[in-house]
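Starting from the known structure of chain A, fit chain B onto it as the hints suggest.
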Amino acid sequence: MTHLTKDPIAIQYWIDQYRHTEVGAMELFIGFTRNSPEDDGIVSLYYEAYEEMVLAEAVALENFMKQKYPLIRDLLIIHRIGEVPVSEPSLLVILTGSHRQTLFQAMEEYIDLLKKKLPIWKKGIYQDGHEQWLMNHF
Amino acid sequence: MQVKVLFFGPAKDTTGLFHYSYTIEDHTSLQAIIIKLYADFPKAKEVFDLCSFVINKDFASPETILKDQDEIAVLPPVSGG
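Protein sequences, first through last, are from chains A and B.
With the numbering used here, the residue at position 22 of the first sequence is 22, and numbering never jumps.
With the numbering used here, the residue at position 70 of the second sequence is 1070, and numbering never jumps.
Extracted from the complex, chain A is given alone in its bound form (with noise of 0.2 Å):
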C-alpha cells in the first residue's frame, strides 16, 4: 500500500497496522530530511508528486517485488508531500514477512525503484530564502 500524505508521518501507528501474528520480520526504512554541511542551508524540503499516477505506479511496484521476493508479506510507502521541515521524516517504507530473510536486500531494492519511478519532485528551501529543484543520486 502507498500513501501520500501533507501530515507528518506516524511511525508507530503504522508499525501498529503491521504487526501480525504471521509476521516475524518487520523492516522499516524513515528517511529524513536532512542539513549537513554539503546541503549548504536547507531549512525544509518541498515535495510534489502526481498523485494519481504515484498510486498507479507503486500498484505496479508492490507487484513486481511480491512476484521477485515471495516471502514478503506486506509492502508499505508513506510520503510526505508539501513542506517538510530539516529532521521531519519525508519518508516511510516498511517491509515484512515471516523471516527476516531476503527483507533487507529487498528493502534496498525497493527503495532504489521507488526514488528511480515514482513521479515525485523535491525542492530545497534554503536559509538565505532561495529554492531549487534537487537531483537524486544513484
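Accuracy of the hints is not assured; some may be wrong.
[Claimed, not checked] Per label pair, the in silico range of CB-to-CB distance:
{"no.": "1", "chain 1": "A", "residue 1": "Glu108", "chain 2": "B", "residue 2": "Lys1057", "range": "19 to 29 Å"}
{"no.": "2", "chain 1": "B", "residue 1": "Gln1002", "chain 2": "A", "residue 2": "Tyr13", "range": "41 to 51 Å"}
{"no.": "3", "chain 1": "A", "residue 1": "Phe104", "chain 2": "B", "residue 2": "Pro1077", "range": "22 to 32 Å"}
{"no.": "4", "chain 1": "B", "residue 1": "Phe1059", "chain 2": "A", "residue 2": "Asp40", "range": "30 to 40 Å"}
{"no.": "5", "chain 1": "A", "residue 1": "Tyr13", "chain 2": "B", "residue 2": "Tyr1038", "range": "43 to 53 Å"}
{"no.": "6", "chain 1": "A", "residue 1": "Gln127", "chain 2": "B", "residue 2": "His1027", "range": "48 to 58 Å"}
{"no.": "7", "chain 1": "B", "residue 1": "Gln1002", "chain 2": "A", "residue 2": "Ile30", "range": "22 to 32 Å"}
{"no.": "8", "chain 1": "A", "residue 1": "Asp39", "chain 2": "B", "residue 2": "Pro1077", "range": "16 to 26 Å"}
{"no.": "9", "chain 1": "B", "residue 1": "Lys1004", "chain 2": "A", "residue 2": "Asp112", "range": "27 to 37 Å"}
{"no.": "10", "chain 1": "B", "residue 1": "Asp1049", "chain 2": "A", "residue 2": "Arg19", "range": "41 to 51 Å"}
{"no.": "11", "chain 1": "B", "residue 1": "Pro1077", "chain 2": "A", "residue 2": "Glu108", "range": "39 to 49 Å"}
{"no.": "12", "chain 1": "B", "residue 1": "Thr1023", "chain 2": "A", "residue 2": "Gln12", "range": "46 to 56 Å"}
Everything labelled a hint here was simulated from the structure, so no lab data went into it.
Just so it is clear, CB atoms sit at the ideal spot from N, CA and C, and this is done for glycine as well.
Just chain B now, with coordinates in the frame of chain A:
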C-alpha cells in the same frame, strides 16, 4: 477535440502554470503537442529537454495519436524519497 497538459516540478515553475489546454485536430500526435510546448514556452526548453511525456499516466511514444480529453503530463526527472 481538447487535450490538457499538466506540468510538474521544475516544468511547473518554468512555465508558471499547473496546466494548459490545446484544441487539436483529429490524428494529432503527442510529438505535435511537444513541438507546440517548445514553441509556446521557449524559456522552458532546457527543462523540457530532460522531461518525459506521458499520456493518461502511461509512458507513450511520440507517434501516439491523441484522443479527446487526453491528459498529457510533462515529467522532469523524478527526485522523491
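Okay, the hints, checked on the actual structure:
no., hint, result
1, A:Glu108 / B:Lys1057: 19 to 29 Å, "holds (27 Å)"
2, B:Gln1002 / A:Tyr13: 41 to 51 Å, "holds (43 Å)"
3, A:Phe104 / B:Pro1077: 22 to 32 Å, "holds (28 Å)"
4, B:Phe1059 / A:Asp40: 30 to 40 Å, "holds (34 Å)"
5, A:Tyr13 / B:Tyr1038: 43 to 53 Å, "holds (46 Å)"
6, A:Gln127 / B:His1027: 48 to 58 Å, "holds (52 Å)"
7, B:Gln1002 / A:Ile30: 22 to 32 Å, "violated (43 Å)"
8, A:Asp39 / B:Pro1077: 16 to 26 Å, "holds (19 Å)"
9, B:Lys1004 / A:Asp112: 27 to 37 Å, "holds (32 Å)"
10, B:Asp1049 / A:Arg19: 41 to 51 Å, "holds (48 Å)"
11, B:Pro1077 / A:Glu108: 39 to 49 Å, "violated (21 Å)"
12, B:Thr1023 / A:Gln12: 46 to 56 Å, "holds (52 Å)"
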